[in-house]
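Student: Below are the chains, spelled out letter by letter.
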Amino acid sequence: MSSIDKDTARKVAHLARIRVAEDHLPKLAEQLSGIVSFMEQLNEVDVEGIEPMTSVTPMRLKRRVDVVTDGDQQEAVLKNAPDAREGFFAVPKVVE
Amino acid sequence: MTKELNTLTLAEARDGLRAKAFTSVELTQACLSAIDGAGALNAFVHHTPEIAHAQAAAADARIAAGDAPAMCGLPVGIKDLFCTKGVASQAASRILEGFKPEYESTVTAQMFDAGAVMLGKLNMDEFAMGSSNETSCYGNAVNPWKIDDRQLTPGGSSGGSAAAVAADLCLAATGTDTGGSIRQPAAFTGIVGIKPTYGRCSRWGVVAFASSLDQPGPMTKTVRDAAIMLQAMSGHDPKDSTSADLAVPDFEAMLTGDIRGKVIGIPKEYRMDGMPAEIEALWQSGIEMLKAAGAVIRDISLPHTKYALPAYYVIAPAEASSNLARYDGVRYGHRAKLGKGDGIVDMYEKTRAEGFGSEVQRRVMVGTYVLSAGFYDAYYNRARRVRALIKRDFDEVFAAGVDAILTPATPSSAFELGAMANADPVEMYLNDVFTVTVNLAGLPGVAVPTGLDAQGLPLGLQLIGRPWEEGDLLNTAYALEQAAGFVAKPAKWW
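These protein sequences, in sequence, are chains A and B.
At position 75 of the first sequence (counting the first as 1) the number is 75 in my numbering, and the numbers step up by one without a gap.
At position 63 of the second sequence (counting the first as 1) the number is 1063 in my numbering, and the numbers step up by one without a gap.
No lab work stands behind these hints, which were simulated from the structure alone.
Where is the CB? At the ideal position from N, CA and C, for every residue including glycine.
Not one of these hints is a red herring.
Which stretches of chain B does chain A cover? Using the computed rule of at least three CB atoms under 8 Å from a CB of chain A, they are:
#1 1092-1102
#2 1192-1199
#3 1324-1330
Please model the complete structure; the sequences and the hints are all you need to start from.
Tutor: Set out below in structure tokens:
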């Protein structure tokens, strides 16, 4: 199928929100291509009529009543934030 | 003086505590001293002696009052992947530097309720992604087994857990297993490790890698200890929607050692090309031991085995890329220093580039790629369909009357740290070749040490069981353990 070139590697890194220096892209592209070509063995398998596995054990997820069971923990929630102010998470300006 | 207290098994220590032969405070101090003297192994990366002393004193009080639950007073190590309240829990990643959870994982909470004593947090591969403990932000954990001057890997990802148990720094440790991360390091260090059925132990509060594959489990010195500790770790948890609402049997009581008439399957597809003769011989000797114990040996076929590794290396990175999206520098852990004019996307990209190591970055990007538009069906959905076929192979074999499956645990004994530094990433992935099938199918699997290779390094065999039948599986493992009589210990050099 497809091998990963430098432009694809740059695009994937951006989609993954990981900054990769321009001069590291060729090496990254090579490694990703190696992994992807390893995956391509899967093309040998006849999967006609087989549904993708979505649940590891055949059990229905539990339901519970739709009520609040927890909350009022603002301080604990913010405790580990790199930057928290006035009871909120603080981030760089998002909207001009 | 008989045995040093830190060298006891869980069962021996439990019985000694109940008989008042020693106290948990003494036992805990023996472990803390052993840890202090084992810096060279780099197994414990966050030390919690204050917690250990307090829990040991509380355990002694419980025992004196006649209330001694399963793990009461027994000192253990906890893999850094488990969130422990108020104690650093950073999945061996820079991106979680400084993170101290405000909550306790369900598994550790259950163990503490059962009286266990926490000695500290254990080294591992970053986000459990690795097979040699070399991707850790804390540096390598080192195998206590050694044959010459070289330092060997304890395996991964639960490498610190394996090294700590094998070196008698703790009586037992928690591990987690996504593709073999309990069983491979157990085999590399001559200890026992079981990955339970998916859903047996709660994943709540365990830092997520690949949610449909991850399972916590015990790493111990004996099969009996694995039964004792698995009991304490197991059970339904409403906070994990995939946790099974099933009764937990008394695993230890099921260890009779009687496996007469049990059908043990030997899958021909696990006889890999180029498999070392020693691994083949180990496997053959395991077959003979189980046969001698009265089991019926049956050749079986699991035809899609070959495709387990490529399927795993699509599914696990896909789930990881989604799970690790949460590390964005906003809510916890590391945030990159920003330059003038940097916006929020710069913050995400710089934070994740600084915080994630290279293997984690690679897997997140592979996952992003296989989930991206145009490739989702070709890679991700195809891998999930192959996964269904791998599971069906096992279902059919169990339906035909097989009780457990015997395979090698690893393709080799422990290798030298650094030996794979320049290898293709895929070469490292081959370590998981015998173990990933079990995660893909959600089955229980246990690694049992059964011998030494020609160099004198431990080797293990794996037994794979039917879903939810860990008790029966552990009993077969117990029979294998008794027949193998593996008692070798690493000579102390650290």
